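Line by line, the protein sequences are chains B and F. Sequential numbering from 182 applies to the first sequence in the numbering used here. Sequential numbering from 49 applies to the second sequence in the numbering used here.
The set of hints was computed from the structure by calculation and includes no laboratory data. Just so you know, these numbers come straight off a predicted model, no measurement behind them. Glycine included, C-beta positions come from ideal geometry on N, C-alpha and C.
Computed footprint of chain F on chain B, listed as stretches where at least three residues anywhere in the stretch have a Cβ under 8 Å from a Cβ of chain F: (1) 305–311; (2) 323–337; (3) 379–392; (4) 420–430; (5) 434–441.
SDA-like, lysine to any residue: derived pairs with alpha carbons at most 25 Å apart: (6) B/Lys249 <-> F/Gly83; (7) F/Lys207 <-> B/Arg319; (8) F/Lys207 <-> B/Pro315; (9) F/Lys207 <-> B/Ile316; (10) B/Lys249 <-> F/Asp81; (11) B/Lys249 <-> F/Gly78; (12) B/Lys249 <-> F/Val74; (13) B/Lys249 <-> F/Gln77; (14) F/Lys207 <-> B/Asp320; (15) F/Lys207 <-> F/Thr161; (16) B/Lys249 <-> F/Trp80.
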Amino acid sequence: MPRTGHGLAVAGVGQTPYRRRHEGSTPELVGQAVREALADAGLTARDVDIVVGGFAPDGLAGENCPDKRFLPAACAIGRWSMRINTGGTTGIAAAYAAMDLLEAGRGDVAVVVGVERMAQANSVPAVFNSIFDPIYERDTGLSTISMGALRATRMMARWGYAREVWAQVAERNFDNASRNPLAQIRTPYGAEDVLRSRMIAWPVTQLDACPVSEGVCAVVIVRSERFEGSGRPLAHVRGRASVSDTYNMGDRVHRPIGNLEDMITLSRSAERAYAQAGISDARQAQVVEIHAPFTHAETMAYGPLRLCDAPDGPDLVRSGFGRWGTETVINPSGGPQAANPVGATALIRLAECAQQVMGSAGERQVPGARVAVATGQGGANQFSTCTVLSA
Amino acid sequence: MSSTPVPPDGDAAADGSTTDPVAEPVTIQGHWDFGYTYFAGASASRFFNELRLNQRIMGTHCPTCDRVLVPARGFCDACYVEIDEWREVGTEGTLDSFTILTTSFPGLPEPPTVVGYVTLDGASTALLNAVHGIDLHDFDEAGALLLTQPRVRVVFSDKCEGRITDFAFELVAADA
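Okay, chain B solo, but in the shape it has when bound (with noise of 0.2 Å):
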C-alpha cells in the first residue's frame, strides 16, 4: 500500500475499560489510559512530543473547559497541546490535528487521549437537548436519540429498512462483544431481546441505542521512520480524510445529492482515504469498525463505505455480512452499541483498528487482520472521517 504524508503510524493503545460509571476521577482515568499506550509503544513520557485531548460537550460531564486539568494528566506539560470538541468525532478529530503536528514537523511522537464522564450528569438526555439550536430547535425536545430516530424513519421509507433488520445488527455486536473485555455491555442479547427492549423514539429500542459510558482511549501515533527496524509492530496510515456537512437537518431532507440518509460527507471522506490507501472498497479490510451510536446508523454507513448500494443494506445484513468468522469482520469489539462514552469512541474505532492490524487483539483478534477501515461520525451527523490502516 502506499504511504501518504510523512509516514505515520499508531505505535502503541492504551484504553481503560469502559463502564457506565468509573470511580476514578477524570485525570485518574487519563493518566492510567496513557501510561498504558506509552508502555504499548515502549516508550516514556520523556519521548513525547505533542499532546491532543479530545472531550466532548463539557456539560455532559458538568466539567467546565475541562482541558485545564486532563490535559496535563495527558503528559501535556511542557509539550505542544490542545483540546479538541467536534462531539461524536472529538476523538478522531484529535488524532487527526496530532498527525497534523506531526506531518508539520512539531515532532516525533504524539499522545492522542480521548475523555469521557458523562455518567456524572444525572440526565444525559436532557443535556443533549441543550447541543441542540436554542433559537428553532430546542424548544421541539430534540436530543440525539431522536435526531437518529428522524433518519431511521426515512430509512424504513426509503430503502424498506424494519426493525427486524435492525434488531440483527444489534445481536451481532453484542457477539462480538462478548470477546471484547473492555466492552460496557457483554451480555449477548439476540435479536428478540433488541425488538422486545424499551422504546425510546421509535423506531429506536434501548437496545439499538448506545449505553451512557464512560472512560479513557490513548493512542501513541509517530512519524515512522523513525521507528522503522525497531521491531515493534505498527499501525501504519495508509488514508484518512475529514468532510463536513450543514447542521441544518431540515434542508438536507431535499437535497438531490447527499440526502439526509445519504451519509455524503462519510462518502467523500471514504473514498479519499481510499484513493490514498489503494483499495477500492471495505470489503478489501478484514476489520472495520464503524462509528454508529444506532444499529441503523450503523446500516446507513453501508453505502458510503462502498460495502454494498445502499438500497441493499437490508439484504446485506440479512445476509450475515460483517460477522464474526467472516472475511470482513464489522466491529468486532462490539463497536458503540457496546460502548460509546462520546469524546472517546471515535479513537476507539481508530485503536481498535490499531490493535487488530498489529496482531494485539486478544480474545477480539480476527486472524489475519491486515488492513482496517475506522470512521467517526459526529455533530448533527455533519462530520465524518474516514481512516485506512495496515500492518
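Fit chain F to the known structure of chain B by using the hints.
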C-alpha cells in the same frame, strides 16, 4: 446520590466494593443552573414576529441556489451568501420524517408524542416541530401510518409568543 436507575451491565462503581473505610469512594454533588439569554438574530426575530403578529410562516429565498429556506435564515450556508428576500410559504405540507417519542426524560416532552420534519408548500427545506392528534395506542401502527409521508397542516396556538412552539402540525386527513 443520583436517583437514576443503574442498569446491571458495566457499572464499575457498582462492582468496586471495598471494606477499607479510608478507600471508600467519595462523591461530591454538583449542579449547573446558569441562566442564559439568547438573541435570535435578525432573520429568526422576523420569523418569530411574523408568527406572533400575523400567523404567517416565512422563509428566505437564496437567489444563488433558488431555495426557499424555512425556517428563515440570514444566509445560505450551501452557497455561502447572505440572503434577505422574504417569502411566505403555505400552511400545509408533507411529513418527510418523524419519530414517536415514547420514553420520559427530565426536561423533554412528555411521551408519547410525535415530532417530525415537514416541508411546507413553497418551501425547499423541512422544518422540525411537534405533530399532534396521532392515535398512539400502538406505536408500530402509528409508525406505519406516518411512514406514508402524509399531508399535514399548521395549527397555531391560541396565544402566540414568538417561539417555534407557537405552532404544531396535524394530519390533514384527520378531518376527512
